[in-house]
Structure formats: C-alpha cells, structure tokens
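Numbering-wise (this note's numbering), the sequence shown opens with residue 8 and increments by one.
Since the hints were derived computationally from the structure, they do not count as laboratory data.
Treat the hints with care, since some could be wrong.
As the list claims (entries may be wrong) - Restraint-style ranges between C-beta atoms, simulated for each label pair:
{"no.": "1", "residue 1": "L30", "residue 2": "V62", "range": "19 to 25 angstroms"}
{"no.": "2", "residue 1": "I76", "residue 2": "V40", "range": "32 to 38 angstroms"}
{"no.": "3", "residue 1": "Q22", "residue 2": "L115", "range": "27 to 33 angstroms"}
{"no.": "4", "residue 1": "D52", "residue 2": "I29", "range": "21 to 27 angstroms"}
{"no.": "5", "residue 1": "R167", "residue 2": "I134", "range": "37 to 43 angstroms"}
{"no.": "6", "residue 1": "G74", "residue 2": "G138", "range": "15 to 21 angstroms"}
{"no.": "7", "residue 1": "V158", "residue 2": "I76", "range": "31 to 37 angstroms"}
{"no.": "8", "residue 1": "V32", "residue 2": "L150", "range": "41 to 47 angstroms"}
{"no.": "9", "residue 1": "M161", "residue 2": "A46", "range": "32 to 38 angstroms"}
Note that this is a predicted model, so its numbers are computed, not measured.
Don't be surprised by glycine CBs; every beta carbon is placed ideally from N, CA and C.
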Amino acid sequence: MNGRRYSIGDLMKRQESVLFLILFVYCAFVSIVNPTFLAIDNIFDIVKSSAGMMVLAMGVLVVLVSGGIDVSFTAMAIFSGYITIRIMIAFGIDSLFLAFLASAFIGLFLGFLNGIIIHKFRLKPLIVTLGTQNIFIGALSVLFGTKFIPVGQMPKSIVRFGTNSLLSIPLSSGGTA
Numbered sequence: 008m009n010g011r012r013y014s015i016g017d018l019m020k021r022q023e024s025v026l027f028l029i030l031f032v033y034c035a036f037v038s039i040v041n042p043t044f045l046a047i048d049n050i051f052d053i054v055k056s057s058a059g060m061m062v063l064a065m066g067v068l069v070v071l072v073s074g075g076i077d078v079s080f081t082a083m084a085i086f087s088g089y090i091t092i093r094i095m096i097a098f099g100i101d102s103l104f105l106a107f108l109a110s111a112f113i114g115l116f117l118g119f120l121n122g123i124i125i126h127k128f129r130l131k132p133l134i135v136t137l138g139t140q141n142i143f144i145g146a147l148s149v150l151f152g153t154k155f156i157p158v159g160q161m162p163k164s165i166v167r168f169g170t171n172s173l174l175s176i177p178l179s180s181g182g183t184a
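Using the sequences provided together with the hints, build the complete structure.
See below:
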C-alpha cells in the first residue's frame with residue numbers, strides 16, 4: 008500500500024463506483040414502487056432468467072481481460088447452438104455431452120477465425136467482430152432461412168436440460184425457486 012487515504016470524492020471519480028451507485032439507486036426506486044422486488048422468490052427468478060446471459064458474459068470477460076472486445080459472441084453462440092442441434096437431429100444423436108462438446112468446438116473454431124483475422128491483418132477487434140457477427144447470422148439466414156426448430160423435434164436431452172433445474176428452494180408462498 009502507498010499509505011494514501013481515499014475520500015468519497017476519489018471513489019466517485021471511478022466509473023465502476025458511479026455505475027454501482029446508479030444500480031443501487033435504481034434498485035431502491037424499483038423496490039419502493041414495487042415492494043415485492045426484493046422478495047427472495049423474485050431475486051431467484053431474476054438470477055434464473057439471467058443465467059444464460061451470465062454464461063455468455065464469462066466468455067466476454069476473458070476477451071476483455073485480454074485487451075480486446077468481441078461483439079460477435081452472441082452470434083457465435085447462436086450459430087454454434089443452432090448448427091449443433093441441426094447436426095444432432097440429422098444424425099439422430101441424443102447426448103447432452105456431445106451437444107456441449109460440438110457447440111464448444113464450433114464456437115472455438117469461430118473465435119479462432121476472429122483471432123486469425125485480427126492478428127494476420129492487424130485489424131481492430133471491434134471492427135472484425137462486428138463484421139463476423141453479421142457473417143455468422145447471415146450464414147444462418149442463408150442456410151436455414153427464418154425457420155425455428157420446434158421443441159418436439161429437438162433432442163430430448165437438450166429439452167430436459169433446458170427445462171430442469173438443479174436446485175429448488177421452498178418458498179414461504181408455497182412455491183419453489
């Protein structure tokens with residue numbers, strides 16, 4: 008430590024502190040308007056509904072910590088997930104492990120392509136990933152159009168994974184979180 012004392016003014020100069028303050032004020036306002044906002048079952052619902060985004064955020068964190076910025080990660084996740092499910096349906100595969108493995112490899116390959124383009128041509132990561140994001144989504148549109156996959160056609164292991172919960176906590180209201 009350098010022995011320097013920090014004041015509230017010093018802390019408020021940091022962007023993280025300002026964002027935290029805005030989030031705190033927003034939560035306080037919402038909880039005043041809607042007293043059930045901070046109820047335990049509502050907090051569990053918020054965490055449960057944002058779990059998928061948290062997984063994607065962890066991937067982006069790796070890129071940001073390394074000094075780049077990747078805006079194509081959602082397009083990569085959509086592309087790899089959709090292609091994986093299409094392959095599983097075509098070959099009659101129903102293995103959650105293989106689904107994760109195939110999707111991870113496709114995502115890794117797409118991320119590797121981004122890295123090669125950025126490094127080889129010495130381009131800015133933001134520009135490259137903006138372009139590849141549109142390429143990935145465009146490729147899906149060209150290959151499959153706007154068709155969605157009905158739940159009845161999806162592999163059962165993926166449907167079970169998407170609808171099950173790992174933990175259930177009984178609530179005072181009689182439900183579970």
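Okay, the hints, checked on the actual structure:
Under the hint 19 to 25 angstroms, the C-beta atoms of L30 and V62, about 21 angstroms apart, fit the expected range. Distance hint check: the CB atoms of I76 and V40 are about 35 angstroms apart, consistent with the given range 32 to 38 angstroms. About 32 angstroms separates the C-beta atoms of Q22 and L115, a value consistent with the hinted range of 27 to 33 angstroms. Between D52 and I29 the beta carbons are some 22 angstroms apart, a value that agrees with the proposed interval 21 to 27 angstroms.
Taking 37 to 43 angstroms as the suggested C-beta distance range, the pair R167 and I134 conforms, at roughly 40 angstroms. For the pair G74 and G138, the supplied restraint of 15 to 21 angstroms holds, since their beta-carbon distance comes to about 19 angstroms. Separated by about 35 angstroms at the C-beta atoms, V158 and I76 satisfy the suggested range of 31 to 37 angstroms. At about 46 angstroms, the CB distance of V32 to L150 agrees with the hint of 41 to 47 angstroms.
Between M161 and A46, the C-beta spacing of about 34 angstroms keeps the proposed range 32 to 38 angstroms intact.
Hint compliance for this structure: every hint is met.
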